[in-house]
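The lines below spell out each chain.
Protein chains: 2
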Amino acid sequence: MTKEFRTLADPDTVRETIADLDLGGRVEQVDLRDARGRVLAERIDAAIDVPGFDRAAMDGYAVQAGDTVGADEVEPVVLNLAGTVHAGAEPDVTVDPGSCVEVSTGAVMPPGANAVVVVERTDEIEADDGDTAGDTAIEIRTAVAPSENVMLAGADIAAGARALGPGTRLTPRELGLLSALGVDEVPVRARPRVGIISTGDELVPPGDSLNSERGEIHDVNTTTIAAGVDAAGGEPVVYPHAGDDFEAMENLLRQAADECDLVVSSGSTSASAVDVIYRVIEERGELLLHGVAVKPGKPMLVGRIDHPDGDSETATGAGDAAARSAYIGLPGYPVSALTIFRVFVAPAIRAAAGQPAPTTATVDGELIAQQRHDEGRLRLLSVALIEDADGETLVYPVDKGSGATTSLVDADGVVAIDADTDYLAAGESVTVQLFDPDVRPPTLLAVGEADPALAELLDSLDRPRFLPVGSREGLRRLREGIPDLAVVAGPTDRAVDAVDIGGWSREWGLLVPDGNPDSVDGLGDLIDGDLPFVNRNRESGLRAGFDAELDALADARGVDHRDLTAAIDGYEATVSGVESPARRVADERAAVGLGLRATADRHDLGFVSVGTQSVRLLGNPDRGGKPAIDAVRDAVETLPAACSSLAGYQFE
Amino acid sequence: MTKEFRTLADPDTVRETIADLDLGGRVEQVDLRDARGRVLAERIDAAIDVPGFDRAAMDGYAVQAGDTVGADEVEPVVLNLAGTVHAGAEPDVTVDPGSCVEVSTGAVMPPGANAVVVVERTDEIEADDGDTAGDTAIEIRTAVAPSENVMLAGADIAAGARALGPGTRLTPRELGLLSALGVDEVPVRARPRVGIISTGDELVPPGDSLNSERGEIHDVNTTTIAAGVDAAGGEPVVYPHAGDDFEAMENLLRQAADECDLVVSSGSTSASAVDVIYRVIEERGELLLHGVAVKPGKPMLVGRIDHPDGDSETATGAGDAAARSAYIGLPGYPVSALTIFRVFVAPAIRAAAGQPAPTTATVDGELIAQQRHDEGRLRLLSVALIEDADGETLVYPVDKGSGATTSLVDADGVVAIDADTDYLAAGESVTVQLFDPDVRPPTLLAVGEADPALAELLDSLDRPRFLPVGSREGLRRLREGIPDLAVVAGPTDRAVDAVDIGGWSREWGLLVPDGNPDSVDGLGDLIDGDLPFVNRNRESGLRAGFDAELDALADARGVDHRDLTAAIDGYEATVSGVESPARRVADERAAVGLGLRATADRHDLGFVSVGTQSVRLLGNPDRGGKPAIDAVRDAVETLPAACSSLAGYQFE
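So the sequence lines, in the order shown, correspond to chains A and B.
Mapping of the first sequence onto the working numbering: residues 1 to 652, in sequence order.
Mapping of the second sequence onto the working numbering: residues 1001 to 1652, in sequence order.
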């Protein structure tokens, strides 16, 4: 029976409920070559002595230590050379009193010998003993103690000794010790099998083409959750996408539950998906939680799906312990799904795999923009990192709306804000839970006007982050002190305290189909003709340039700016990408678009020049000491060469 | 021609020479599912708008924003419901003035609509319009602006925009963005192929049996270097071990050079190996360095092997750039080989793969034992880490001799000591280059007497490190203040300032073959009989107990201790493992061994009891606050249950 959950579960309850789920805990044998990063399930004791024999630790001569008593540089002892033993060979000679045997490092100590004199303290001479004339003798110029320069059998590790404990994570060095012990297969914690199901009729796998008229979008969560499962030490099992078809989804869910330790679905907030999940859980398991007091992620589900009776031997090869599968339903939006996965699910997968939490999972930093909070539930606030001039970590909120996939890369992690905290002040120290232990702050945060030459410049930098928010918004953020750099094009409304790092100019105008079929000659044709136009968004510098020209034209015609814009078919039809107008003209969705000569070239469109505008890189005055700013200065110098194919560009 | 290298190269020259080697730099296309951790070779621009359509960002009603002007809770606006659009469906309805359409999150905005009113601000009512009686109408209780709750096409990322730059490391979040863009295959930096060759007749792969009479040992370097190559972003190619056979080794080296970007051999310090390498390099390449002023690692080789003429299209699939292979020869001892690999070779592999250095590659700590240095060359000192009671990292040198494979796990990294530094004082702050970015300090450092019950105790702790140095050496190190805990058994010569954490007692005596064929009754039979005996090493508490009993016997007999020990055949034949005497008795290499009742049981041997001795866990008084000490206390409580099968043990 489906339970009713009248109140949202608090996050600690969610963590405990998930921690109590059974996610496998099996043991498997793996080849040593495949064991890197795995976790030992059992203690490994040495089965053999290492070394397995008394071993010469230096190149030199094996001797009876007693024969060397009193030997020194002044009064060396002379021993007859009885033979040689190399590493990897069985000694065929014995060291009797008064004799020695040449040995190389790693050789088996010949019978009778109990010490080695290093070769540097010896000299080869001709034996002067009458009986052995012509034979070689060795002058020993130092005394050695018993066992000196010898590694006794078992001295490295003795057979029976505890070598590695259960729970040891296998890095190259542990693998090396296991190799020395002759171990070529090790018992490790099995990776919990995690079935991944994305639901929603609108989802299409990456690589397949989209029907945008039907509102199709590419499936993101299968990729991110599978990679997250892998990173947490689990084995992702990706199931085909089933759409919202009731029966297909039910079959898929049952199959995944039978084959995996944990089933994670996302987008399961749609009514039909929840219906299926409820039905399967009702028939075969238990719903443990529905709804969590966390933003984002409120609609999270946690449950358990038992395997059919008499089928306790499942595809996982496990017995009773795995006769049920855990189920977790994640929200559908990519950032929400990955956040909830990372905070609540990944720790449980790591625990089942025996993997420790990564040491780099969190980073502390100073919040540089205040954050109000009136949710009454835990908020996992998406934030991004940037370093100040001293290398200290600064943290700023990223809120592009939870549907934005670019937040995946524009944010670096989340800050947890308690339900009863209602305000985080700028300057406060916060702990960021990173989306991935490999996340590092970008070396440079630039915001503002997107531009083809800027893209080249960014390509030459190491780990830059650029947010294409447009010139106007870029300036606003620079005023707030958040970015290192604002990229500003065209006329701007007011000045901001900044350091000019460099820049270039670009030619802009009207993009028309190749051959200019409507014979567009300038802005006047837009107003006086009846041509479908596609404009840029208000924040862009290109739009600012366009509006300034329209103002000039309005003045010249003695009319109001609004009269002109009202006459343009599509003045309000704005798009945010540099290339978007060009693409619409190329697709014949518009007759004229606002854009750059370089973009027209790239898309083989006609171009009607209107003007040139400067693009300036304005540096945050507080970040002048950052090495990345110098790197930008250097990169600007290389732009004339890197951008030689960009039409309409002038570099300084 | 083979060059002569009269002086050792300095470490910076080595780094530069290796950095100048050509290790590939190819680009390959990989499936997105296999791309985690790889590095983008090229910039990825968005090929499509995301979303590809104007998209409802909330569940609610699509409206013409103008229709909602003035709507609020007091004076709602009523709009006729014209239909519904779900996510993944093509709208079959238009929003005309005065009407609205129900939309779910993700749905395509129906034609005519330009905003969404969230469902929470609406109510469904019956239409009161005469013409549409019985139809549904929607009460709108808020005004919305154009584009409110709508994500416009391309607003997430616009077609043509720079999405990810070259050099970006692909973590789950970047893979998510690529999925959103429909990308299912990405151009990444190819992993440089690194051929791994271990040389030496004495080496046997793990898993194969050893002939100890021939001095065979297991090959460790192939495992550690292959794992290290993998960790650095390279593709290890393991070649079969060729022994010191001249022709076989030459063929192997040529094959590896033809197939790989880099060939790494270890153990190449043996004269025959160096001969082969010289010959191949002389014929086909260039020796760049031979001998490096670093300890360990002096015999390192760096060179280049050209591919045969006309064979520039090699198995690597590369052209001219890969028409030569780099060669690096590492020392043979495992710790030396891994140290040199990590410090000099791994950075070059990472650079070729485009991988950044791990953020956790180094850790700073306080040296707690002084270190003299008079090498005149760079010393890479093996060290281990331990935390003090405040969680601060302490560093102590580990010097077990470079042949010891246990140093791989007993040390955590190296401290580089310059050639012109001759002394590091205790208390000095040092930077440790970790053997692996996953290395973490153990939670507990225990040293002293190995014991079967102790092994159980260690198994129950998280990341303990135990060094089985014996009771006597354990006490000495505790006096020096290095370990958290010393494990001490039997009589000790002097007291040390310590905190008693707990302990147990164990029964010890003489191990004899099953059935006690020589009818051994006690120590007297050892002295008076002619039985080959195997003793424990002087540092062990078991030996101390044995010697104390011999003293008592000597007193009783009125003879000197030495007279008794001289009469024991094998008194000086000591072994260091707890189980070593038992194994020798079981192998019939000795008739009597010194050991525990529990060990006799385990090996199905006869046992002649001599006494019981206490085993104490002595805590370092400065480390009382460490959580691991409390964990040890707790673990001691569980020992009676965990060790119920250990014969002869008494717990408190």
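Because the hints were derived from the structure by calculation, they are not lab data.
Beta carbons: idealized from backbone N, C-alpha and C, even for Gly.
Just to be clear, a hint being listed does not mean it is correct.
As the list claims (entries may be wrong) - Partial list, derived from the structure: chain B residues whose beta carbon lies under 10 Å from chain A:
#1 Glu1042
#2 Leu1170
#3 Asp1219
#4 Thr1222
#5 Phe1341
#6 Arg1342
#7 Val1343
#8 Thr1362
#9 Ala1404
#10 Pro1437
#11 Arg1463
#12 His1603
#13 Gly1606
#14 Val1610
Claimed, not checked - Simulated coverage check for chain A against chain B, where a stretch passes if three residues somewhere in it have a Cβ under 8 Å from a Cβ of chain B:
#15 9-17
#16 52-62
#17 430-443
#18 566-580
#19 591-597
#20 607-620
Going through the hints against the structure:
{"no.": "1", "hint": "Glu1042", "result": "holds, 9 Å"}
{"no.": "2", "hint": "Leu1170", "result": "holds, 8 Å"}
{"no.": "3", "hint": "Asp1219", "result": "holds, 7 Å"}
{"no.": "4", "hint": "Thr1222", "result": "holds, 8 Å"}
{"no.": "5", "hint": "Phe1341", "result": "holds, 9 Å"}
{"no.": "6", "hint": "Arg1342", "result": "holds, 9 Å"}
{"no.": "7", "hint": "Val1343", "result": "violated, 14 Å"}
{"no.": "8", "hint": "Thr1362", "result": "violated, 13 Å"}
{"no.": "9", "hint": "Ala1404", "result": "holds, 5 Å"}
{"no.": "10", "hint": "Pro1437", "result": "holds, 9 Å"}
{"no.": "11", "hint": "Arg1463", "result": "holds, 7 Å"}
{"no.": "12", "hint": "His1603", "result": "holds, 9 Å"}
{"no.": "13", "hint": "Gly1606", "result": "violated, 18 Å"}
{"no.": "14", "hint": "Val1610", "result": "violated, 20 Å"}
{"no.": "15", "hint": "9-17", "result": "violated (count 0)"}
{"no.": "16", "hint": "52-62", "result": "holds (count 4)"}
{"no.": "17", "hint": "430-443", "result": "holds (count 5)"}
{"no.": "18", "hint": "566-580", "result": "holds (count 6)"}
{"no.": "19", "hint": "591-597", "result": "violated (count 0)"}
{"no.": "20", "hint": "607-620", "result": "violated (count 0)"}
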